[in-house]
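> Sequence:
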Amino acid sequence: MYDLAPEAIYAFEDTLSDSLCLRRTERMLGAIGRDLADVQVVTVDDVPRMVEERGWVNSRVRQGEHAEHTEPDLIFTRWQADGAPEIAPVLERCPEGTPQSLLWTMLGHGGPQRHNERADSGRICRSRWQFDTIYGCPHGCAYCSGGKVAAIFTNAEEYLERAVAPTVEANRWQKVFMFNSCLTDILAFEPEYGLISLLSEYFADTPDQWHLIHTKSANVGFLTEALLPRTICLWSMTSATVSRELEPRSGTTEERIAAAAECRDAGYPVRVKIKPIVPVRGWQDEAREMIEGVMTQARPETIGLCFIAWMPAVELERIIDPDALDPRFLGGMREAVEEMRGIRPGPFPHHLRAEVYDFYLEEIRR
1 MYDLAPEAIY AFEDTLSDSL CLRRTERMLG AIGRDLADVQ VVTVDDVPRM VEERGWVNSR
61 VRQGEHAEHT EPDLIFTRWQ ADGAPEIAPV LERCPEGTPQ SLLWTMLGHG GPQRHNERAD
121 SGRICRSRWQ FDTIYGCPHG CAYCSGGKVA AIFTNAEEYL ERAVAPTVEA NRWQKVFMFN
181 SCLTDILAFE PEYGLISLLS EYFADTPDQW HLIHTKSANV GFLTEALLPR TICLWSMTSA
241 TVSRELEPRS GTTEERIAAA AECRDAGYPV RVKIKPIVPV RGWQDEAREM IEGVMTQARP
301 ETIGLCFIAW MPAVELERII DPDALDPRFL GGMREAVEEM RGIRPGPFPH HLRAEVYDFY
361 LEEIRR
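Under our numbering, the sequence shown has 228 at position 228, and the numbering climbs by one with no breaks.
It is possible that part of the hints are untrue.
Unchecked claim - Below, a list of computed lysine to aspartate or glutamate pairs in the EDC-like style, where the Cα atoms sit at most 16 Å apart:
#, residue 1, residue 2
1, 273, 301
2, 275, 262
3, 175, 205
4, 275, 323
5, 273, 205
6, 273, 292
What the hints contain is simulated information worked out from the structure, not anything from laboratory work. Predicted, not measured: the structure shown is a model, and the values here were computed from it.
Could you put together the complete structure from these sequences and hints?
Structure follows, in structure tokens:
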């Protein structure tokens, strides 16, 4: 687990009253040099005060909009399988602008998420079920809204039994299941969190299904000590400038490549998704260097490409310094504001994204 230094740590009463949840909480606290004496024990009634005191009203904006990257506060909570508290009454007492999504996770809502891409969505994404048990991340990625606070479901065993297993068994067509890729990086909290080992053990007993770790971390020591069955490792890989400047607490490009190579050597299937591709100044040279490392060291079984997207130009310029971008791409983005309005793959126009993809594909095929 990362050596986190949260300013505030909370645990709900019902979390600490469950023996498994308590042990997981204590284990994770111990990994960062803390104990229960450092934890504020709270109930649902305390949530509005917590939001106000800790400034979580803006906790789910893209982190590039914050003045600086800070360690996330931690909330040890639990998935409420038999009915989580209603959000509306709590939200009414919270400061104006409090994100409903934050309360959703704090209060234990969640479970299997079904994604079935519509033909008219403007995207090409695989249909799938996926799962999340942690909402919040220390990596500080400028384009991600998972900063300021992390809500952690501590009843992982119950979640596996009552959410994961029934979904997996009812969907034998799906061979790979992704966990914790919405607002966190699971390797920042492992092995003390213990979900990866539980998933490996569970999927090893299925006929032919796997779980997938989606990460930007280099925290793989526990993975390479002993091969965990039915576990696929997928790295989001970014160029040197992007990993250092836009993903400040994640593994650097070099560290991720080395970690991927270690896991491949240990026997794990390793995959790479070059994501997000950001056209910073000198992006071609950085891409060549990154691709060479990926191809000669990590040697993944698959490579995917994804250009930065998901937002209009004005928002991208709030989270990334425009001076850091290739001037031609910055100009092209600004000129295409109307063309790309409402287009999910925006804000960069199609011809510029195609140019970058062509470049990457040519380098990968060398």
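> Now look at each hint and say whether the structure bears it out.
Quick rundown of the hints versus the structure:
1. Taking the CA atoms of residue 273 and residue 301, the gap is near 11 Å; set against the 16 Å cutoff, the hint holds.
2. Proposed proximity of residue 275 and residue 262 is contradicted: the alpha carbons are some 21 Å apart, above 16 Å.
3. For a cut-off of 16 Å, the pair hint linking residue 175 to residue 205 stands: about 13 Å separates their Cα positions.
4. With a C-alpha separation of about 21 Å, the suggested pair residue 275 and residue 323 falls outside the 16 Å cut-off, and the hint is violated.
5. With a C-alpha separation of about 28 Å, the suggested pair residue 273 and residue 205 falls outside the 16 Å cut-off, and the hint is violated.
6. Taking the CA atoms of residue 273 and residue 292, the gap is about 15 Å. The hint holds against a cut of 16 Å.
The structure fails hints 2, 4 and 5 (numbered hints given earlier, in ascending order).
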